[in-house]
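Each chain, letter by letter, is given below.
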Amino acid sequence: MSANVTNADWAAVLSIAVLGATGLAVLVADLLARTFVRRYIAIAIAMIGIIAAGAIVFAQYGTHYSAFGGAFVVDYASVLFQGIVLLGALGSVILYGAIGEERRIAGALALMLWSACGAMLMSGAGNLMTIFLGLELLSLALYALCGIAERAGAHEAALKYLILSSTATGFLLYGMGLLFGATGSVALSALSNPALATNPIFWTGVGLFFVGIAFKLSLVPFHTWAPDVYEGAPLPVTAFMSVATKAGVLAVLVRVFLWSLPSQHVSDMLLPMWIVAGISMIVGNVGMLAQRDLKRMLAYSGIAQIGYILAALAGGSAEGFNAALYYFAAYSFMNLGAFAVAAMLSGDREEGSVIANYSGLGYRRPWAALAMTVFLLAMAGLPPTAGFLGKVFILRSSVETGYVWLAALLIVGTAISLYAYGRIVRAMYDRSTHPVPAAKPFVPLAALSAAICAIAVIALTFYPFSR
Amino acid sequence: MLVLVLILLPLIAGALLFLLPRDDVAMSKSVGAVAAAAVLVLAVAERGESWAWRWFSHPFIAEIHFGATYLSHWLVVLLALCTLCAVLASNVPRTRNMIAALLLLEGTMAGLFLARDLLVFALFWDAMLLPVFFVLIGWAEHPATAWRYFTYNFAGGLTLLLAVAAFGALYGSTDVIGNPAYHAIASAWAPWMLAGFAFAFLVKTPVWPFHTWMPQTYEETPAPMVAVVSAVQSKAGLYGFIAIAFALFPSYFRQEAPILIVLAVISMLYGALVALVQADAKRVVAYSSLSHLGLIVLAIASQNPLALSGALVYIVAHGLFSAALFLVLGYVEEREETRSLARLGGLGWANPRLTGVFCITALAALGLPGLAGFVGELIILIGVYQAGLVWAAILALVAVVLASAYMLRLLQGATNGAEVPDLPVRRDLTLLEGLAVAPLLAALLYFGVYPHALLVLMR
Chain W
1 MSANVTNADW
11 AAVLSIAVLG
21 ATGLAVLVAD
31 LLARTFVRRY
41 IAIAIAMIGI
51 IAAGAIVFAQ
61 YGTHYSAFGG
71 AFVVDYASVL
81 FQGIVLLGAL
91 GSVILYGAIG
101 EERRIAGALA
111 LMLWSACGAM
121 LMSGAGNLMT
131 IFLGLELLSL
141 ALYALCGIAE
151 RAGAHEAALK
161 YLILSSTATG
171 FLLYGMGLLF
181 GATGSVALSA
191 LSNPALATNP
201 IFWTGVGLFF
211 VGIAFKLSLV
221 PFHTWAPDVY
231 EGAPLPVTAF
241 MSVATKAGVL
251 AVLVRVFLWS
261 LPSQHVSDML
271 LPMWIVAGIS
281 MIVGNVGMLA
291 QRDLKRMLAY
301 SGIAQIGYIL
311 AALAGGSAEG
321 FNAALYYFAA
331 YSFMNLGAFA
341 VAAMLSGDRE
351 EGSVIANYSG
361 LGYRRPWAAL
371 AMTVFLLAMA
381 GLPPTAGFLG
391 KVFILRSSVE
401 TGYVWLAALL
411 IVGTAISLYA
421 YGRIVRAMYD
431 RSTHPVPAAK
441 PFVPLAALSA
451 AICAIAVIAL
461 TFYPFSR
Chain Y
1 MLVLVLILLP
11 LIAGALLFLL
21 PRDDVAMSKS
31 VGAVAAAAVL
41 VLAVAERGES
51 WAWRWFSHPF
61 IAEIHFGATY
71 LSHWLVVLLA
81 LCTLCAVLAS
91 NVPRTRNMIA
101 ALLLLEGTMA
111 GLFLARDLLV
121 FALFWDAMLL
131 PVFFVLIGWA
141 EHPATAWRYF
151 TYNFAGGLTL
161 LLAVAAFGAL
171 YGSTDVIGNP
181 AYHAIASAWA
191 PWMLAGFAFA
201 FLVKTPVWPF
211 HTWMPQTYEE
221 TPAPMVAVVS
231 AVQSKAGLYG
241 FIAIAFALFP
251 SYFRQEAPIL
261 IVLAVISMLY
271 GALVALVQAD
281 AKRVVAYSSL
291 SHLGLIVLAI
301 ASQNPLALSG
311 ALVYIVAHGL
321 FSAALFLVLG
331 YVEEREETRS
341 LARLGGLGWA
351 NPRLTGVFCI
361 TALAALGLPG
371 LAGFVGELII
381 LIGVYQAGLV
391 WAAILALVAV
401 VLASAYMLRL
411 LQGATNGAEV
421 PDLPVRRDLT
431 LLEGLAVAPL
441 LAALLYFGVY
451 PHALLVLMR
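Line by line, the protein sequences give chains W and Y.
With the numbering used here applied, the first sequence covers 1 to 467.
With the numbering used here applied, the second sequence covers 1 to 459.
I should point out that these hints are in silico values taken from the structure, not numbers from a laboratory.
Yeah, the Cβ is synthetic: ideal placement off N, Cα and C, and Gly gets one too.
Check before you lean on any hint, since a few could be wrong.
As the list claims (entries may be wrong) - Heads up, incomplete: computed chain W residues facing chain Y, CB under 10 Å, no partners named: (1) A323; (2) A415; (3) V425.
Stated by the list, open to error - Chain W stretches covered by chain Y per the calculated footprint, using a threshold of three residues with CB under 8 Å from any CB of chain Y: (4) 185-198; (5) 251-258.
The following block holds chain Y by itself, in its conformation from the complex (with noise of 0.2 Å):
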């Protein structure tokens, strides 16, 4: 039942607010930290139980089946943090709409991590799209980006769907996610199977050169919003490709393996490049996120243990990291009114507080020892080159190092240097912004001194 919670809660919550006064910003934030902190305290407890209820049986079997794995437990705990955080720091026009929006977000995020049935799955993919799409109508700068998020990632829910239900057709049943009574299907249509799912799960993630959406809708979206999506939406390609690509067709999987490897090393490098370029702060970290999601992947198609469990850190620490990123961005966008590196400057004069939450975010994402970017990035690249993938592991370092020049050429850029004149001065870091990012900081430490506490139970 629990599981059923932590989805319905979240909905729930989040069409509620919709009926709030839509000017009370202070009731409508409060209600939905409120909602953000059970749902982020039920997924802490909740302790693996399912929840199941048949759906239909022809012509295959189908059931609502929601329960959480060691993998999908930690990013529904991810999710439910960086909502929460996400939640507290928005600050944006037409706030109760976004709140309400937040909360959609996480309901059907969770669902998908959450679901034991690929139907279900399917449903939830389509659905997370929508909470995104209605937020680029209302707040992107440019139509065309919510038409460019959504054209991009429902095409992939529509091979998504399709391998779905080539899936029942042949086996029978898709109630399979983590169903250890599940036997590998054997036919001929088995890789285009796989194919459907894994270029959803490319265009999701994204990776190269599936990734030409992402720029673009990381940029336009507002803080809150992109905080989440960049932290754990993100995340649901990789979650696909461990539950189900490897998961359901692992012989079909371990033979594609090496076109999945170069993608992962061509995101890597280009990633990095780009970011090294870009003009604009958002759109660095956006490309910096197709860089760090490219080790991940890198990680899962190697299927090296070591990587793995990398891939586990990594993933919780780049969700915590990204999500504070696009924060923090937001707070400087907030006060400067540009987002431009051209323009950005000397921010630490006037912001020392933020000036010191953005630099620890920042070498947190360029894997700094002591944060848990780092021991992900660790284990990752140790693990790699254990399965014998020397190459990839030596490309991979370096585009961990391109890590330390863009983002310290992002941090540099806006808080170094003297102090720009035409820039407008604003008081530096509340309390209540310096509290949705604190948790995020404090896991990343918490996970880079201690990264058994994720690893303990992954053997």
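Only chain W is shown next, with the shape it has when bound in the complex (with noise of 0.2 Å):
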């Protein structure tokens, strides 16, 4: 394919290309900068290079393109993951630079930057050589990035992080080699000739292919490193993973297993994954409950609500792939909020992850209040939010596709998420307890995305991007 490369094809690549050399960008002009200001040109360097990225990837909206023979697609799927994974990352980048180490700030964000890149890969990954380039781009740069911060859990979280999430790429890389054994072709559109249908190799390949996904997007029973890593790694690290990331591996699961599989029979043979994301719902809600730490509950939240984003995808229909989309960025947009609403109240010492110091919080800090109030109702599907409007797109794509128990699982996960979620509503507007902490230093860029994705979650509920 070296032969055939085109401009055209270096074009469909050039956001990531942005975005890896901004990762350079930062490190260098951090050897430049003088000390105190070193900081803000970091953030603004990784700033604007996402924004450019975000720029280049929208003016390919409505563009079908296929580059470098196959291995990388252009199209609305890729556009809108990419999207997601940059705001993820812009998130992610404001939140580092708003709370983390000065020193490790540089590191942080051209990590934080060229793993995004992984998952822009990810998302337009139209081969399984560049679904792998791509999971490990992401992956590598965020073992680094759970460990960066000098604290207890960090060393630990990015280890088992690295020792799970290694497992799990073996699972994956087995998995594609039994693909690739039973089509010949590394290509995606390979995997769509029917006569693999019987094929009983082919099916072990996407039984480990899916099993490697589900480890990625911490679905259950797959799911127990989550909470640990989530807990252990810096606060805007795990806000980073529990966007950027899933946006990435959502991406490929959409592309393999609802995209590229022979059509008949598929039904049947991804029951195993919709059930898996029924349990998900029903587990990650429950899970919430015992929770003292807010990154550990957001962890076994993500889990249910990846559950929900399949549960749109079943059946396969365009429209669920839609509600699907909708729920993710809205998803995307309440989780970023909450984990800035955290930032906003972390200090030197701790993260502002403690659900405990949220008591009263009402009293003390109301904005605050208001802004997490706002993001946890949307988690539970309450007006006026994206969260509620989402969940109706879900319901409804179920219920056409027939997959109404899955709907009826989502009630249910939805009415147990409630107390997780109201607890912390409750707490805050308590006006019983005050433990009174530590007075913390106001935050403007933590407070300003904190405001930026309350006012998203309110706006999507009125303009769903799919009207």
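Using the hints, build the complex out of the two chains.
The structure is reproduced here in structure tokens:
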């Protein structure tokens, strides 16, 4: 394929190249910058790079192009998933800039940008090699990011993530090997050959591939790493993992399982995936109930919400895909927003993720509490937030495609989740308990991103992009 | 445009109220009262125009569409009146927050009653739980009350949401409330959708056996809020039965009506009997509400036109007298610092004016001729009898008679008898407190002698 590479092929990955180059620029600038401005220079360069990459991505909206002989695809899905990756990167970069240690900022931001490159590569992956390349780029940077802070839990989290994620990658790679063996090609388009439907090697490959994906998406029963890693990793990194990583892996899931497998038998063969989604909704929501740390809670919340998104994808209709994307966009804003509020409450020694410290927040920091309330209500699916409308779209799609049992599980899961989210809301407006933690400095960048996310969560309700 | 103002004005006023100084009760009260009065004027002036804005057209058509039907017009007027009275009567700690919550509740419930689109209806259905939830967090004696209220009603909201989503999938549009172009869905899923809607409405109203959240919520919610919740929020379920369950699924509704009739009759008798033995004054009124609302559900389930006219009168009448009752009980509690019927007594000696107001309200609640409650009960009973539900009518009559027993027990227990020495003696009803309940009592009297005002347009 090297003979036929055109400029258009390079243009398709220009956004990724810009992002990668921005990472280098952040590191170089950090060498030159004087101490007291290096934080702001690093953030500014990273933000400019992300916004430039975003502009390039959205210029591709509405186009369809298959670059490098099919290895990388530009289409509706790649644009939207890359948009969400960049959104997650932007939010996390701002948070890291706001609360990260000054001497590590440039390195952390560069790693985050490169990790985002991996997720963007996965968003448009057209063959198995691109998927693997993207996944490794994403993961390697994340291993380092998880352990970047000198905190007790951070190294443990990094090691845990490294070991479990490598195991998952092993499954994925083995699955890819079998798929290659069955089809003789790495291209995803080769997977749709109807003759494969009876080939046991092929289905074994699909199964192993799915296990790898389920690990990365932290679906039950492959979810146990997520709460520990989320808790141990620095808060902005957790925010990044909860949005950008999931966007990349979800894009792979859609491309491989929904769009590439042979269309007959596919609904039966994917049944285990929907069952896993249903179990994730329940386990994730039940798991939230006992958590004392916001990051752990959001890890379980993420497990459940990915379950909701898979419920929208079940049945494989175009409307279901739109519903999943809408919900995922809403999920990204509410998650980033919740992490931003936690960042607002962070001090030098501890991150603002201890749930007990939220008691009486509504009286100490009314605006932070209001924003947090919006995000928690959105996660519970209450109006007037995008979580409400997203659930309607998901329910509609599951009913239409006949997966009513998934809709019913979603309802049950949401009812359980109400208690977990409402618990924090109640604590914030509880007037009986007032433990007053040490006064925290105002973090304007975190406050700004919390405000933007809150507005976005509400505005998306009235302007769903599917209109 | 006017309907939109009806919804946005209280919402914006409620939000802005949080910017006022926290301790300036007089200012928040006057700002709140002006906003509530403006909404009342608009609600009366409103003449059925509508406002619509395309929300989205994929994956189904949804319009942000507001407009009043005859029933929703009266419900919004009732809502505005009750909110105004509750704002005037507010005398609780952190008054500003309470008034803001009342206005937010008014806006969300106006949105619910005026919604012409099922999805908008579902949105406001969940949204109207939030002000009450926050009030329960802030004021209830037990945190569990807030959870009980929210969990029950949110569960109802979720089945409602599922039904709306299914409706959107099957019908392709949710812009159907009061839409003459609607043609009834004939699908195997229709009974399930009806069940999803009905569950939400049964919990919200509430109807036995879905009422278990209600007594404790009514008991622990401060008087101004519970006045609006019991007077108007409970009508959301009844409105849903009429405007959604019956209007959108007429044949299935007819098929399942016997279940509703049985539940309604059980609610009436159970509510009345339990009200007879309650020790807490607010719980008496809570269970009496269960009984009274059962009568309206019976009227709706009978589908007799006369009974439905009676239901409209009784919806308004129940709203007026239950709001007045809860406000009066709030006054009593402020003065005597207890709601226990075992402790209360002899209020009439020190507080003759309050006792007079209490007396009129209790008489309206037990259905005294000349007040609106009587007219509603009478028309409903005749209509139910006409529909051939003789036994239901007879059992309903028993519950209506029992109302005198528990209402008089409540009234006499609190006001008559010798003065209880260890209860505090406070000043009698003030002018503002009197003004807060006067419109409710005047309306009860007006609709009692001239129910035609409500019924004239019903035909």
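Item checked: Outcome, coverage of the stretch 251-258 of chain W by chain Y - at least 3 residues whose beta-carbon is closer than 8 Å to one in that chain -> Violated - the stretch 251-258 of chain W has 0 residues with a Cβ nearer than 8 Å to chain Y, which falls short of three.
Notebook entry, point to check: If you look at each residue in the stretch 185-198 of chain W, do at least three have a Cβ nearer than 8 Å to any Cβ of chain Y?
Noted result: This one is violated; 0 residues, fewer than the three required, reach chain Y with a Cβ under 8 Å.
Checklist line | V425 of chain W as an interface hint toward chain Y, with CB separation required under 10 Å | finding: holds, 8 Å
Note to self: For the restraint on A415 of chain W, tell me whether the closest CB of chain Y is nearer than 10 Å.
What the structure shows: holds, 5 Å
Next item on the list: Could you check if A323 of chain W really has its C-beta closer than 10 Å to a C-beta on chain Y?
Entry: For A323 of chain W, the interface hint holds, since the closest Cβ of chain Y sits about 7 Å away, which is under 10 Å.
Of the numbered hints listed earlier, those contradicted by the structure are 4 and 5.
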